[in-house]
Amino acid sequence: MEIDVKKVAMLARIRLTDAEAAELGPQMKNIIGYVEQLASVNTEGVEPTAHPHDVALPQRIDVVTNINRREALQACAPKTESGLYVVPKVIE
Amino acid sequence: MPFSSLSELKKKLDDGQVTARELAERYLERIALHNAELNAFVHIDPEHVLDQAAASDAYRAKHGARALEGLPIAVKDIFCTQDGPTQCCSNILKDFHAPYDAHVITRLKEAGAVLVGKTNMDEFAMGSSTETSAFGPCRNPWDSNRIPGGSSGGSAAAVAAALTPAALGTDTGGSIRQPASVCGITGLKPTYGRVSRRGIIAFASSLDQAGPMTRTVRDAAMITAAISGHDSMDSTSVNDAPAVDWLGACDKTDMKGLKIGKPKEYFVDGMDAEVRACIEKALDQCKALGAEIVDISLPHTESAVAAYYVIAPSEASANLSRYDGVRFGQRCENPEDLLDMYTRSRDEGFGTEVKRRILTGAFALSSGYYDAYYIKAQRVRTLIRQDFLDAFEKVDVIATPTSPITAFNIGEKTDDPLTMYLADIFTIAVNLAGLPGLSQPCGFANNLPVGLQWIAPAWAEDRLLSAASAYEASTDWSGKTPAAFDGNTACGGTR
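Sequence order for the protein chains is E and S.
Quick note: the first sequence uses this note's numbering, first residue 1, plus one each step.
Quick note: the second sequence uses this note's numbering, first residue 1, plus one each step.
Hint data in this document are derived by calculation from the structure and do not stem from the laboratory.
Since the structure is predicted, the reported quantities are computational estimates derived from the model, not experimental observations.
The calculated PhoX-like cross-link candidates involving lysine-lysine, where the alpha carbons are at most 20 Å apart (straight line), are:
#1 K10(S) - K62(S)
#2 K264(S) - K287(S)
#3 K281(S) - K262(S)
#4 K79(E) - K94(S)
#5 K29(E) - K6(E)
#6 K413(S) - K29(E)
Anything over 12 Å on all C-beta distances counts as not near chain E; from chain S, calculated:
#7 A61
#8 K281
#9 D486
All C-beta atoms in this analysis are idealised placements derived from N, C-alpha and C, irrespective of residue type, glycine included.
So here's chain E without its partners, still in its complex pose (with noise of 0.2 Å):
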């Protein structure tokens, strides 16, 4: 199987080096190969898991239990104006 590791990093929104490219294409060429052996397997009429125990997931009630945390939140983000995230200009 040959992977396309750029345009898989571009997807994941990863710029990776040339070097880098060279170095994970063939040891991701190499995991893809191992897991390939799950085709191997008899799956037939099994379910996919979707949850490790068969329960319904808890439902809490429907009221607001956050407060107002912005400037706690936004401590941590690298750029922030006017209690807005800035980031580079998309539209021209």
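Based on these hints, arrange chain S on the given structure of chain E.
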């Protein structure tokens, strides 16, 4: 004293032989003396530790002792704490300060514990050796040229060298049990859903679970009792989990009537012969304690690693998409545009192993491959769960080696990721099935510690604790401590 168990320290505190502040000072001294060699802690704030200890002494004087009053406990760098940095040993979270405490941190504080500091780990818990940490590798107290296991290697090394009497780790594919095994301590991964994951930095959400790393089985029970229970803020925290008599389960001293399953797939050719001999000897001891050993089969065991290395990276690639340089974490310098900011921040912030797993996951989830890899792996996961359900029709608990090998040398496996992944071969299936597992010391192979793994049905942690307590009471392996750190056993101990 440094190698005292939590239970012994609790008694000394309760009897007034020592104060929480004196205890904290004692362990801070040991950390100052030994951490440079081990690199077990990545963050320590001695003033803050002493303040907590003094507050605990004051609380005790006024109100009496809570369950973990004054006991020092270290936590892996994956737990969000309002005090001090939470960096997950990654450059992308360099200097990150969490705006809230993880649920388990709140629970430890409410129980009166003194939080000692943050321990080293593989970056984002991705690794089996604590070599992928952005803060440099951690070392094994039994042989400092060797790895302490991973990903909770810092917690394991810190407990093994008595820099703290106990620590918290997390376990996604063996990250509590495997380091406990190779460092000669006890580690418990509770049933999935037993302990809240809120505030634990997510790796693979359907597999992650927090648990204790301790000197004794009872200590593990004490901590689990404090941190477990429903949390309405974590939708995967189960609200009707069967209760367990955590401490009562540890009073067991025999195994009369206990049926122990011995799965043939966990005793394979190619595993270390000395490790195998240790486990066989441990099972003989269980027989002497009254247990019946039953040969069983878990036929899909050999597919577990493959299923895990599809499911865990897939979940990781989704979970780690949040590190985009916008709301928290590091942003690259002078981004040209938004895409440049995302892609360069992530390239600069993540280490190689983390990138490898994100890309593997992104590939497995990508259009055209999703059914063949991700859904197929989840079907195989169902078969692995079913294997255990079938086995527990016949036996009460299952016993296996925790790891097929003892601690390897630092750098020995870093060139070949796939070989590293196979180090988790005996621990991974437990996470896929959501079951509780415990590793405890059971001897030495190649002069290094070996771990015995116990596996129980979901919510039956008491069975693990009872079997492990009976074994512990009848042997002295849990009492072996490394001589290089003032312990009782030289050069990796007796053969």
